[in-house]
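Keeping their order, the protein sequence lines are chains C and V. Per the working numbering, residue 1 is the first one in the first sequence, and the count goes up by one each step. Per the working numbering, residue 1 is the first one in the second sequence, and the count goes up by one each step.
Everything labelled a hint here was simulated from the structure, so no lab data went into it. Beta carbons: idealized from backbone N, C-alpha and C, even for Gly. Be aware that one or more of the hints could be misleading.
Said to hold, decoys possible - Partial chain V-side listing against chain C, Cβ under 10 Å, derived:
(1) GLY65
(2) THR163
(3) GLY167
(4) GLU267
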Amino acid sequence: MLKKSGSVFILVAMILTLAIGAGGVTAAPKAQVTELTIFWAQWPPADYLQEIGNRYEAETGIKVNVVQEPWGSFYDVMAAEWAAKGDAYDMVVGDSQWLGQGAEQGHYLELTDFMVENGIHETVTPATLQFYGEFPAGSGRYWAYPTEGDAVGWAYRKDRLEDPEEMAAFEAEYGYPLAVPETWDQLRDIAEFFYRPDENVYGVGVYTQKDYDGMIMGYENVMFSWGVDWWGEGNQVIGVVNSEEAVEALEFYKELYGFAPPGTNNAFYTEMNSVFVNGQATMIMNYFAFLPDLLNPEVNPYADVTGYFAGPAGPYGDRYTALGGQGMSVLNYISDERKQASLDFIKWFASDEVQQQWADVGGYTCNIAVLESEEFLTNTPYNAAFADSMTFVKDFWNIPAYGELLEPAQRYINGYVVGNVGTAKEALDNMAIEQHEILVEAGVLEE
Amino acid sequence: MSQANAQALSPQSAAAAPPRQRRQTSDRAIAWLFITPTIVLLVVMNIFPLFYSLYLSFNDYSVIGSEPPKWVALDNYEKILTSERQRYWHNFTVTGRYALLSVGLQLILGFGLAMLLREKFRGSGLITTLILIPMMLSPVVVGLFWKLIFDPSKGFFNYLIYTNPRGGAEWLSDPTLGLWSIVIVDVWMWSPFVMLLCLSGLSAIPDYLYEAAAIDRASAWFQFRRITLPQVMPLLLIAVLFRTIEAFKAFDVVMGLTGGGPGDTTETVAVRLYSEAFLGKFRTGESSALAYIVLIIIIAISNLYIRALNRAREG
């Protein structure tokens with residue numbers, strides 16, 4: 001009996017201890033955030049962000065860790081974290097395509113009030129705010145702060161385009177002076193002029209990568225500039241992505257690929273820089289984020305004769321370039337204290353002064369004041385082209401079904417451009433039908 | 001014996017406290033103790049995922065979505081076999097063609113090499129080792145190396161077969177040559193494996209069979225057909241079985257070389273499976289169903305081979 005009473009006493013004592021302990025926890029003051037973790041892909045801008053984070057720590061005492069994940073598994077890791085509703089990261093500098101998923105599925109904290117109250121939405125260029133931060137398009141609801149602006153720009157060999165003999169020969173052949181192209185037609189002529197396989201010299205390097213989104217990131221520069229978009233009224237795709245202008249644009253892109261160095265059949269940013277530094281390509285398209293490599297004479301033997309320009313205009317007056325880059329979002333699964341600390345960091349990071357520092361360390365700011373400053377424009381040979389591009393960027397779908405929409409686009413366009421499969425019309429018709437079905441299934445489009 | 005021990009064993013102490021019977025661990029229990037970690041590991045790493053993926057194949061589910069699996073019965077299988085049949089059929093055709101070409105050529109080359117290396121000569125050991133090197137390399141590395149080798153402007157492949165290499169074929173961007181490029185790389189990498197198996201089969205053939213055939217004045221072709229081939233056949237079939245299963249799983253070399261392109265001309269079932277299960281789509285339910293269809297096909301083909309193998313052994 002005594003033994004039984006003793007057991008009951010111990011049990012009651014344990015329950016009381018736990019209850020008091022738990023009460024103690026709830027009664028304790030809110031834990032102060034001493035560390036913030038930001039998730040981003042593994043590339044130089046993430047190192048720059050860590051540098052900025054170190055300055056934040058020096059100012060506030062809050063340590064900032066930038067966790068980097070290789071590009072190949074960047075989305076997978078984040079998606080797994082979302083699925084688990086994990087709190088391993090406070091913020092993510094995520095791709096623009098993730099916005100829809102982050103917003104609709106509740107992974108991202110809505111930043112509209114925060115950005116409007118602090119006037120942050122007015123500090124960045126409208127195009128970057130729209131594509132890196134806003135969802136749904138035109139709604140005025142923001143989910144990310146435009147952090148690393150990026151777009152497809154161009155590098156070219158000045159020694160070839162400015163060579164007097166080449167200039168004379170070009171003018172004799174095409175009837176206008178050889179210069180940095182302002183239109184896609186001029187770019188095509190230059191590419192054709194410098195297409196000399198016997199000399200191992202080629203006109204232009206363009207994206208063709210099949211594995212993920214490279215092919216589309218290349219083609220859409222031309223497509224947008226031909227006045228075509230990925231969707232029309234009411235999210236319609238049939239008659240939009242396979243319109244006459246779209247067919248023209250795709251045929252044009254294929255023609256450009258015909259002037260590309262051989263072996264660029266599955267090429268993206270690495271391969272573009274590669275065919276440029278080995279001397280084959282006269283012009284290459286590449287994201288601005290990958291152009292700093294071309295400044296280094298140890299990497300690019302033609303560094304001192306390399307020039308840069310922003311995407312040219314299309315035949316009907318449209319001028320657009322494909323968007324890259326990412327926005328910074330706060331993850332919804334962290335505690336309120338960590339959310340507030342994350343917002344404090346973004347507020348600090350978004351200030352003109354810190355954005356200037358961000359640009360100085362190598363980050364591609366979206367801040368209007370910095371982009372317009374003389375200091376920024378002359379800081380590197382490509383900054384002026386970058387600032388210019390940031391005013392006419394356009395993007396692919398950013399709804400949760402973007403991955404599914406991307407796949408048929410990649411398959412049909414790569415098949416036509418690289419593999420000569422069918423005609424441009426057939427490729428775009430087939431793509432439109434599949435994308436239509438995907439959008440209907442996703443509930444974005446009515447049958 | 002110490003005093004304490006003696007005391008412990010004395011009749012008085014035994015009467016005071018009855019001796020505890022020491023529990024003996026049986027051999028069976030020890031066996032279980034040893035195999036339990038392996039069984040747990042197998043269940044967690046193999047058996048559970050196998051059955052869980054089977055369950056998922058009957059569900060509409062995305063591993064990155066916030067929705068739990070939703071039971072759709074045979075819808076995923078139906079989709080693969082009916083509405084999306086055309087594209088999936090294309091993937092199976094590409095895989096089948098690749099398996100046929102690649103395994104066939106590996107058999108011919110591997111067996112031929114084994115016949116050449118069967119006779120011992122000076123340096124034959126070194127040559128055998130050198131021939132085995134490709135199969136020791138990582139398929140991803142092999143894919144990336146061969147991508148450079150096939151490059152029309154930098155690679156040396158076209159230099160070997162064309163007088164004007166720059167005017168040569170673009171192996172990886174041509175829809176018809178794309179698959180052949182993957183076959184060439186796979187044959188280069190895995191013929192040594194077939195050679196190794198054949199070599200072990202050839203070395204196990206007793207000399208007296210050939211001596212008896214020689215006494216009967218049997219021709220070399222007759223000896224090959226009636227002695228060498230039947231004796232090596234079981235090992236040859238094992239090689240075919242292994243290589244066919246691997247061919248159906250072809251992924252890393254394909255991704256390294258063509259990424260399934262141009263278009264989807266070299267998209268094998270494994271590459272398709274990857275693009276459905278990952279790459280922004282994350283259709284976990286549908287890709288699980290596809291994986292099970294591939295598994296059933298591989299089991300069916302394996303059974304055919306095993307039957308042939310048994311017949312070869314009995315014969």
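These are the hints, each one checked on the structure:
1. GLY65: 7 Å, holds
2. THR163: 15 Å, violated
3. GLY167: 8 Å, holds
4. GLU267: 8 Å, holds
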